[in-house]
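Number of protein chains: 2
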Amino acid sequence: MARIRSSVFREKVTTADEAVRHIHAGDTVAISGFASAGTPKVIIPALAERIHHARGAGVNFTINLLTGASVSTETERTLAEIDGIALRMPYQSEATARRKINEGRMDYVDIHLSHVAQQVWEGYYGTVDVAVVEVAGVTEAGELIPSASVGNNKTWLDVAKKVILEVNSWVPDAMTGIHDIYYGTALPPNRTPLEITSAADRIGQTTFRVDPDKVVAVVETNCPDSASPLTEPDAVSIAIAGHVLDFFDHEVKAGRLPADSLLPLQAGIGNVANAVLGGLDRGGYRDLTCYSEVIQDSMLRLIKDGAVAHASATSLALSEKGLEEFTSNVDFYRNHITLRPQEISNHPEVVRRLGIIAMNGMLEADIYGNVNSTHVMGTKIMNGIGGSGDFTRNGYVSMFLSPSTARGGAISSIVPMVPHVDHTEHDTQVIVTEQGLADLRGLSPRRRARAVIDNCAHPEFRPLLHDYLARADAQPGAGHTPHLLGEAFSFHQRHLATGSMQR
Amino acid sequence: MARIRSSVFREKVTTADEAVRHIHAGDTVAISGFASAGTPKVIIPALAERIHHARGAGVNFTINLLTGASVSTETERTLAEIDGIALRMPYQSEATARRKINEGRMDYVDIHLSHVAQQVWEGYYGTVDVAVVEVAGVTEAGELIPSASVGNNKTWLDVAKKVILEVNSWVPDAMTGIHDIYYGTALPPNRTPLEITSAADRIGQTTFRVDPDKVVAVVETNCPDSASPLTEPDAVSIAIAGHVLDFFDHEVKAGRLPADSLLPLQAGIGNVANAVLGGLDRGGYRDLTCYSEVIQDSMLRLIKDGAVAHASATSLALSEKGLEEFTSNVDFYRNHITLRPQEISNHPEVVRRLGIIAMNGMLEADIYGNVNSTHVMGTKIMNGIGGSGDFTRNGYVSMFLSPSTARGGAISSIVPMVPHVDHTEHDTQVIVTEQGLADLRGLSPRRRARAVIDNCAHPEFRPLLHDYLARADAQPGAGHTPHLLGEAFSFHQRHLATGSMQR
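In order, the protein sequence lines correspond to chains R and C.
For what it's worth, this note's numbering labels the leading residue of the first sequence as 4, then goes sequentially.
For what it's worth, this note's numbering labels the leading residue of the second sequence as 4, then goes sequentially.
Check each hint, because a few of them may be wrong.
If chains are identical, the list can't say which one is meant, so a pair holds when it fits in one copy or spans any two.
Said to hold, decoys possible - Heads up, simulated DSS-like pairs for lysine-lysine below, C-alpha to C-alpha not over 30 Å straight-line:
hint: 1; residue 1: Lys256; residue 2: Lys165
hint: 2; residue 1: Lys256; residue 2: Lys383
hint: 3; residue 1: Lys383; residue 2: Lys164
hint: 4; residue 1: Lys165; residue 2: Lys217
hint: 5; residue 1: Lys15; residue 2: Lys307
hint: 6; residue 1: Lys256; residue 2: Lys15
hint: 7; residue 1: Lys217; residue 2: Lys307
hint: 8; residue 1: Lys256; residue 2: Lys164
Hints were generated in silico from the structure; no laboratory data involved.
Produce the complete structure using the sequences and hints provided.
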């Protein structure tokens, strides 16, 4: 009980099985977890067991599940497998849950990550019955020391009627102080400016507050976070990173980016982002900053090398090796990393003010720069929009990165028209594939199309795309943004019919 | 010369014909004007004359034209008719310009109005050679009193290499003081919070600054602004307004909106918005505020009646009657209206902080809530996205309003899939037609579709839409957002073939 320094909380210590008796059929349950870090480790398996038993007794037991973003794979799968989730919000990335959503058996609402906390607080998702939050400890004063992700935990603890805590002693004690929990948010008309003007600024406190009367159970654990899978950068990722780094050089020479430190970087989760960040080492930059969602492995090295002075995020997203590096040197990293609530890490006000360089992955872009981040072939959800919209809309430069093809060349990431739009032509400024970079700033649609096809599409698909554009443009009354409505999805229809977008 | 109180500026007074000699072929010219108010009155016709003559002499004379938003119809047409515009940014609403753009003879870049000033300052549109700005006067100290719109004038005066002023003595002297020109903007990494926490807050000064050495010409005029066309609300607009007002009541009862004053209102330009605002009179509200782009006629009445305590905007957009009412009572209105730069009136930071209720028109929405604001049949530009994205993305509640049909019932504003997306499913929360209101907050795609079809589509089109949804959903592997890619644009294709979306 060393991590529970308040006697009020010590008295509430119980087992996971006892704790989940406070969760009832139909409840809205808001849990911790972002990019798998900080997911509760034992309550959800116990809840799944409870749901399974209730089902056996003929009770239809489902919950609405709210999280920060993705939770650990096991957690998501455990609940999805037993059809335990009626409504899921705001982001998921696990195969079973994805399948249930795509079968129409689980409701899923896909919203910008910066919008989650405010919309729940505003009452758009009804009452939050129970919050289940992993913490690293409880202070003498009864405040909570956050664990490896912050996500929406501040809001869950504020709005939930009942709170269940998991106190995980695996989280290094020395992480205490890395968090910046802001208590100045309010509902309109009572909101005030967020006083953040650089990535390292602190505007909050290091702990969460919670009304102890709401805490119905405290469960002790000692479980490591799941590691985020990460592979070494391949040739395609390295080529994409090269184009991005060349672009930075070009922008610095043009006087549009500060030479030494650029502007704060944001990079989505995944191997391409990891490769871009990894490549910054070679750029000779010093005192870079990051204002992003997650800390990936490459960030730790950049911090260690002195290329990055400070990184702000809402969560760690480290591989097994990264977790080891972080926990072994947490005293060092604590001074160079700040973990914030996701409504602050992704806040449009701060993103715009800092002038973020936004770099996000995508499924596909169309020739005019509309981006599909979420729906395979326009219908099947992949993971969700995450924070890509928060950063893209408000960033100083907004870039989308992707290999030019997928599935061994069968799928082109550049298509005539995307069948689902997550980021519009008004927001996409730069598209990068291993083929090259299309700078769309200041270009009208026809010019954008030529830049995207010639610079980003795989050579295999360029003739098809040029042919589409030329025939669309040749129509009488072709318009500002030429399209052939009958053929706009021909790439996707061909893929559905033959398994390949190639002719 | 009574309006020009600085001798430095008096010495620069000249004719329009002389002034336009400072504008050269290939120049980027940034002019005042938003919703037609504050457009320069005599320089552009003189420039058109100059271009015409140059053409006669075999010189290919075009300019890149940057504005606040729409400028007066005559101004836009005059330049478009002679093919004088190579690139147009960011918004237009005039028939000749629209035709040239849709014929691919004029480049047009359609960006969020809150992004214009920063992107030009950041250098994304190259050098601004000449600014042409209408003002109401010049102070003894050489500062400029703004006229009936602010738009991007502060930025144009800052960044342009040369400045031409039109001093228009038609603008009432008593308008002085209605403007709030903020000089605290900066490029990142030097940005600081915008200290606006309510619609009436003032954070700037009442005048523009300009380096007198850059001012190459001052031209005196006495010309009224063009009036914005406005018709009396028809039955459809009144029905839409009724649904919106019922929704406000419902939200107040649910505790999601403050009872007396709601939250600051934003309404797009046009008759539907005007009808909604007009209807607020009957709601019994007091001390409402507006934080919007324009002041329409209905706003003046609401202010006079005491329903609206303060309205913030970047421009007037009044009918002839409204202009008369405003100019006759400007001493009264000056205390209840603030005109700001459009980067502030539309700023995501302020829109989110204040918790704006965003109400914008649209061309069409699809069953999942994606909205097309700009492209007729997906290809032909109408006007541009304007500020709708600034308010929709960041508002407290984001609503789109439209009649359910157009062209006497031939066109449905609810379609299976929109062929151009300006606002994604992640951003659209409420859709309203005269048929009813669909509240999409917290709903997964299938539920959204049923709500939109049943509440918003015209009964004539409901069976077709339900049939589409049912068949899409019945496909094996229908996915999260069911669609039939081969039929997604069947409504539009039918209209292109037969002139009607009806079967």
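Hints, verified against the model:
{"no.": "1", "hint": "Lys256 / Lys165", "result": "between (56 Å within a copy, 25 Å between copies)"}
{"no.": "2", "hint": "Lys256 / Lys383", "result": "neither (42 Å within a copy, 38 Å between copies)"}
{"no.": "3", "hint": "Lys383 / Lys164", "result": "neither (35 Å within a copy, 52 Å between copies)"}
{"no.": "4", "hint": "Lys165 / Lys217", "result": "within (5 Å within a copy, 65 Å between copies)"}
{"no.": "5", "hint": "Lys15 / Lys307", "result": "neither (41 Å within a copy, 60 Å between copies)"}
{"no.": "6", "hint": "Lys256 / Lys15", "result": "neither (61 Å within a copy, 37 Å between copies)"}
{"no.": "7", "hint": "Lys217 / Lys307", "result": "neither (41 Å within a copy, 49 Å between copies)"}
{"no.": "8", "hint": "Lys256 / Lys164", "result": "between (55 Å within a copy, 21 Å between copies)"}
Of the numbered hints given earlier, the model fails hints 2, 3, 5, 6 and 7; all others are met.
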